[in-house]
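Since the structure of chain A is provided, determine the placement of chain B on it from the hints.
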Amino acid sequence: MKILVIEDDATTGTYIARGLREEGHVVDLVHDGRAGLLAATGGGHEVLIVDRMLPQIDGLTLVKTLRGAGSTTPVLFLTAMGAVEDRISGLNAGADDYLVKPFAFGELSARVVALGRRPQAIEQETTLTAGDLTLDLLTRKVTRGGHEIDLLPREFALLEFLLRRKGRVQTRTMLLEGVWDLSFDPMTNVVETHVSRLRAKIDKPFATELLKTVRGAGYRIDG
Amino acid sequence: MPLRLALVLVVLFGTVSLLSLAASYAVTRAAFEQSIREDLAQDMAGFRAAPSARAVALLVQAESQQTDPGRLVLSYVTRAGRIYGNGAVARDDEGFHILSLDDGRATLDGAYLALSARLYGGRLTIARSRAEVTALQPVFLNILWISLLPTVLIALGGGLILARRSQRHVEVVSRALERITGGDLGARVATGKRWSGDLARIGGAVNGMADAQERSVTALRQISSDIAHDLKTPVQRVSLQLAALADVVPEGEAAALVAETRAEVDGISSVFQSLLQLAQVENGALRAQFTSVDLAPRARTIVEVYEPVATERDQTLTFEGPDSAVVQGEKNLLGQLVSNLIENAVTHAGAGAAIAVRVTADAQAVTLSVRDTGPGIPQAERSRVIQRLYRLDRSRNTPGNGLGLSLVDGVARLHRATLSFEDAQPGLCVRVVFAR
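Same order as they appear, the protein sequences are chains A and B.
Throughout the first sequence, residue numbering follows our numbering, covering 1070 to 1292 in sequence.
Throughout the second sequence, residue numbering follows our numbering, covering 69 to 504 in sequence.
Just so you know, these hints were derived from the structure itself, not from any lab.
Even for Gly, the Cβ is constructed at its ideal location relative to N, Cα and C.
Among these hints, one or two may not hold up.
Here are some, though not all, of the chain A residues that point toward chain B, as calculated from beta-carbon distances under 10 Å [unchecked claim]:
(1) D1078
(2) A1138
(3) Y1167
(4) V1169
(5) T1208
(6) T1212
(7) R1223
(8) L1245
(9) D1250
(10) L1251
(11) D1254
Restraint ranges, calculated between C-beta atoms of paired labels, are given here [what the hints assert, rightly or not]:
(12) I291/B / G1292/A: 44 to 54 Å
(13) G1292/A / E380/B: 20 to 30 Å
(14) T1141/A / E319/B: 37 to 47 Å
(15) R484/B / D1201/A: 49 to 59 Å
(16) K1210/A / A448/B: 52 to 62 Å
(17) R243/B / E1246/A: 19 to 29 Å
(18) I336/B / E1246/A: 18 to 28 Å
(19) K1281/A / A327/B: 11 to 21 Å
Covered by chain A, per the in silico footprint, the following chain B stretches (three or more residues, Cβ under 8 Å) [unchecked claim]:
(20) 405 to 415
(21) 422 to 435
With the rest of the complex left out, here is chain A (with noise of 0.2 Å):
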């Protein structure tokens, strides 16, 4: 993907800049609101990255302004504040997703990753599958290799949302966000457990592992 960075900290900058790259995205990396908007209008890139506090023209502003000029590409949110406040204002700007400072690099990862696959999202299918486990959505019935596995409604919920996110992790806040809604960071380790739970059933007993842990972002099912 091509994505666009504009974020005033160098270090910052530079770090998710090489970050993205490693993942194998094209980067432009500028430090200001006026250079932004700039390399924004002019760049085909798939995804924007905005600093909330930016020199000269802040994200805030650069958003509304590239949504007024009738621009759809995604926009991720960086904020130092990250309440409540800043989080509507930035959404009602026009962004598409927020990140709260500071983050973990595999959680800008994972969200840039699904602002860019966004549209794909909306697929009228019937069944889901992964390997040899599939989902079917009318008679809510999951089945690995020939074996029905009983889900709880819960966890029949989580499995959908990744399975519909095949190959992309998908963060610890990013489930909260998608599965139940929930848009903090619970104390305890809730989605863990859930995640856990859910592994008892479909990749416990069966010899390959579907539900993967990405260190340090979240988990992805893979197949």
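Chain B alone, transformed into the frame defined by chain A:
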């Protein structure tokens, strides 16, 4: 205040009016009496001018015939005892009476002023009616009613209207103050042209105070967001660099140290994040973004999220509530409130505890309660657990940053809900009541 003033004025005005009316009544009455006396003296002088007793008798007789005894009584008793005139003066224990001569010596009604003199051996009595003087009394009473009553009514009515108006204005001021102290720093007193000087000045002062407060809060928020930016960016760098370090260090002691340090940095940023969020929740401006939030399904979902964690600790976590319980609020903060309360119970109630989350709704309120069978909070510490960074002694070794219940308190206040900690015997029951 204006009503009391109006009442005082009415009483004062009434007293002064009464006194002046009474004075003029007394003066008028004295003048009337004086004029009667003068008339009597003049009458008497006229009779004295007669040359003889006989002449007096004739004069009296003649005048009596054309005089109404109700107005003027003339009586001449000669030395021989003959009575001329239209009345006679008699005396008994009660005083003097004027008696009619015509119809069997009946007493004439009314008050008279009489002058009596000896004249040529006889006694001449002239009595003039005081009816005019007596008539003064109802006249003055009428004047009193006609002049005093409307004045009193106007003064009272005006006082009431002024009182109500000023009460309305006082209410405008106190509402603005309420909103300002409730965190809505944009609230102002809209003073009008009809406001009394005092209240307009107070309103102006309140607005000035709110302006100053808003300025300082804006400055404070600017500072805190600057601090957030200035400190979070270095924390961000450290976090990113540690992540990079973790990728390159070989497994072993160094890797463990890096992992520990990363956990510490995460802890720092979590406290930082919570403090910033608390500051935003406490300023109240978020109320402008309130929408209808159904608390029942929200709490049900969160219970579902925490259920496996509770099961892992041999705890039971249950939900009970209606299908719907709508409150006005901010969806994510309300979710965090429910979540923090459940997390608090799961973390502190201990293994084997039963945790019950309940939502009830009636016409007046929506109530959320989280009850556990753990050790509870000692009575003396209940008010302190909502203080920032406060932790019970026995909780020092459990995870948490001491901000969870502070945020619950802040979110409850933001929603004008009441938060209470009760003894569940055994355990703790935390109740949040949202008034409808």
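Q | Pairwise beta carbon distance, K1210/A to A448/B, judged against the given window 52 to 62 Å | A | holds (56 Å)
Q) Can we keep the V1169/A interface hint, with Cβ of chain B closer than 10 Å? A) holds (7 Å)
**Q.** 49 to 59 Å as the expected CB spacing between D1201/A and R484/B, which holds or is violated
**A.** holds (55 Å)
Q) Taking the least C-beta to C-beta distance, is D1254/A closer than 10 Å to chain B? A) holds (8 Å)
Q. Should the hint that L1245/A touches chain B count as held when the rule is a Cβ pair under 10 Å?
A. holds (8 Å)
Q: Determine whether the Cβ-Cβ distance between K1281/A and A327/B falls within the hinted range of 11 to 21 Å.
A: Because 20 Å falls inside the window, the suggested range holds.
Q: Against chain B, run the beta carbon of D1250/A and see if the smallest gap drops under 10 Å.
A: Given a least distance of 7 Å, the restraint on D1250/A holds.
Q: Can you let me know if the beta-carbon spacing of G1292/A and E380/B is within 20 to 30 Å?
A: Holds: the Cβ-Cβ distance is about 28 Å, inside 20 to 30 Å.
Q.
Using the nearest Cβ pair, does Y1167/A come within less than 10 Å of chain B?
A. Cβ of Y1167/A sits 12 Å from chain B, so the hint is violated.
Q) Are at least 3 residues of the region 405 to 415 of chain B within less than 8 Å of chain A when you compare beta carbons? A) The restraint on the region 405 to 415 of chain B holds, since 4 of its residues have a Cβ under 8 Å from chain A and three suffice.
Q | Proposed interface contact between D1078/A and chain B, which counts if any beta carbon pair is under 10 Å | A | holds (5 Å)
Q: Determine whether the Cβ-Cβ distance between T1141/A and E319/B falls within the hinted range of 37 to 47 Å.
A: Given about 45 Å between the Cβ atoms, the range holds.
Of the hints listed earlier, those the structure fails to meet are numbers 2, 3, 5, 6, 17 and 21, in rising order.
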